[in-house]
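S.K.: According to UniProt numbering, the sequence shown holds residues 1 to 297 in order.
Source of the hints: derived by calculation from the structure; they are not laboratory data. Just so it is clear, the structure is predicted and the values come from calculations on it, not from any experiment. One or more of the hints may lead you astray.
Pairs of lysine-lysine residues, derived as DSS-like cross-links and limited to a Cα-Cα distance of at most 25 Å, are as follows [claimed, not checked]:
#1 Lys131 / Lys85
#2 Lys85 / Lys105
#3 Lys232 / Lys281
#4 Lys89 / Lys58
#5 Lys141 / Lys120
#6 Lys297 / Lys282
#7 Lys58 / Lys282
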Amino acid sequence: MIQKTLLSMLLLVSQLTLGQKSAGTDNIYARQNLIAWCIVPFDSKERSPVQRAEMLNKLGFTMLAYDWREKHIPEFDAELEALKKHGIKLQAFWLYSGPNPENDKNLPIILDLLKRHNTKTEIWCMIGGIKDMDKMTQQQKVEAVAKPVAYIADKAAEIGCMLGLYNHGGWYGMPENQLEVMDYLKRPNIGIVYNLHHAEEDIERFPQFFPKILPHLMAVNLMGLKKGNPVKVVPIGQGDAEAEMIRIIRDSPYRGPIGIINEDTAPDAEAGLTMNVEGLKKILKEQTDFEALESYK
Numbered sequence: 001m002i003q004k005t006l007l008s009m010l011l012l013v014s015q016l017t018l019g020q021k022s023a024g025t026d027n028i029y030a031r032q033n034l035i036a037w038c039i040v041p042f043d044s045k046e047r048s049p050v051q052r053a054e055m056l057n058k059l060g061f062t063m064l065a066y067d068w069r070e071k072h073i074p075e076f077d078a079e080l081e082a083l084k085k086h087g088i089k090l091q092a093f094w095l096y097s098g099p100n101p102e103n104d105k106n107l108p109i110i111l112d113l114l115k116r117h118n119t120k121t122e123i124w125c126m127i128g129g130i131k132d133m134d135k136m137t138q139q140q141k142v143e144a145v146a147k148p149v150a151y152i153a154d155k156a157a158e159i160g161c162m163l164g165l166y167n168h169g170g171w172y173g174m175p176e177n178q179l180e181v182m183d184y185l186k187r188p189n190i191g192i193v194y195n196l197h198h199a200e201e202d203i204e205r206f207p208q209f210f211p212k213i214l215p216h217l218m219a220v221n222l223m224g225l226k227k228g229n230p231v232k233v234v235p236i237g238q239g240d241a242e243a244e245m246i247r248i249i250r251d252s253p254y255r256g257p258i259g260i261i262n263e264d265t266a267p268d269a270e271a272g273l274t275m276n277v278e279g280l281k282k283i284l285k286e287q288t289d290f291e292a293l294e295s296y297k
């Protein structure tokens with residue numbers, strides 16, 4: 001079993017590269033490099049899989065990162081079928097799990113789904129529910145988080161998928177801690193998904209830690225950030241911190257996909273995606289990134 005997992009990982013590394021160009025463009029903010037994210041449970045119109053795919057076609061999105069809730073599980077197959085029919089790539093599949101993912105009833109459902117559809121994608125993973133972390137040493141925290149991450153990463157590797165550590169606050173959401181977990185595990189199919197909408201504490205130190213996560217970066221999801229106490233998450237282009245972060249990301253070696261999200265933007269997913277795309281275009285115009293802007297015409 002161990003040998004099979006290792007072979008699967010080696011094969012995976014030969015097929016997938018972190019931070020690679022995802023849409024045949026060197027400009028990461030080009031329309032064809034954008035992922036739609038947070039548009040399933042955060043949609044007042046509760047679109048069906050087909051309606052969602054049609055909406056993405058209308059807006060010019062070619063990639064979707066799929067977030068879901070329990071009520072969406074019966075639609076999983078229909079979702080993947082609709083994406084294929086409408087020419088949309090499933091860039092990622094969201095997963096929230098706990099300290100014992102071997103007992104997670106939803107994990108095998110997702111793995112079986114991806115295997116049956118022969119879909120090699122990324123699993124964007126949050127780990128929660130680990131008790132008494134405030135009483136642990138740093139090393140104990142690393143080991144406690146590494147245990148479920150390793151299990152999920154190995155299962156993902158068996159079907160040719162990557163695992164992205166998803167920052168969502170707390171100890172697990174700190175990029176430096178994610179790097180320690182990855183260094184401890186040394187699994188080649190684990191990377192980092194970095195979210196500006198969970199980066200309230202990262203604004204000032206972003207230029208310092210961002211280069212450290214670059215070699216492991218799978219995706220960056222944009223959002224607006226307005227400095228203050230507390231920092232406010234706002235639509236792209238309505239904050240006073242995200243423009244500089246967007247510039248730093250563009251000027252770095254990162255050439256992977258960029259997520260445009262709808263969470264906390266608008267009740268209707270189409271309106272929220274449109275608002276954030278327009279906000280990104282505003283920033284691109286201010287930064288004279290006319291190459292990227294050309295792709296929106």
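S.K.: Could you run down the list of hints and mark each one as holding or not?
M.R.: Going down the list of hints, with the structure as the test:
no., hint, verdict
1, Lys131 / Lys85, "43 Å, violated"
2, Lys85 / Lys105, "29 Å, violated"
3, Lys232 / Lys281, "21 Å, holds"
4, Lys89 / Lys58, "15 Å, holds"
5, Lys141 / Lys120, "30 Å, violated"
6, Lys297 / Lys282, "14 Å, holds"
7, Lys58 / Lys282, "21 Å, holds"
The earlier numbered hints that this structure contradicts are 1, 2, 5.
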